[in-house]
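Colleague: Everything in the sequence shown is counted per UniProt numbering, starting at 1 for the first residue and increasing by one.
Hints listed in this document are in silico derivations from the structure and should not be mistaken for laboratory results. Do not rely on the hints blindly, as some may be mistaken.
Derived DEER-like restraints, expressed as beta-carbon distance ranges [to be verified]: (1) A8 <-> R39: 33 to 43 angstroms; (2) N13 <-> G50: 41 to 51 angstroms; (3) E49 <-> N15: 31 to 41 angstroms.
The beta-carbon is built from N, C-alpha and C at its ideal position, and this holds for glycine as well.
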Amino acid sequence: MFPPWSNAVQHYNDNFLHLEQFEAMQTRRDFQDQGSAVRRFVQELCEAEGNW
Numbered sequence: 001m002f003p004p005w006s007n008a009v010q011h012y013n014d015n016f017l018h019l020e021q022f023e024a025m026q027t028r029r030d031f032q033d034q035g036s037a038v039r040r041f042v043q044e045l046c047e048a049e050g051n052w
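Hey, can you work out the whole structure from these sequences and the hints?
Modeller: Laid out in structure tokens, this is it:
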């Protein structure tokens, strides 16, 4: 089961609703960069195990 959607809405409102568009874009970019770094790390692990 998924958690209630209202929790996600509340988290967004508490943390991001007050941001200007530029700040929101920068926050999104930072989050995507973190994901890219994790993906590269996971790819290296998987390749080392022959699972990529």
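Colleague: All hints, please: hold or fail.
Modeller: Here's how the hints hold up against the structure:
no.: 1; hint: A8 <-> R39: 33 to 43 angstroms; result: violated, 23 angstroms
no.: 2; hint: N13 <-> G50: 41 to 51 angstroms; result: holds, 45 angstroms
no.: 3; hint: E49 <-> N15: 31 to 41 angstroms; result: holds, 36 angstroms
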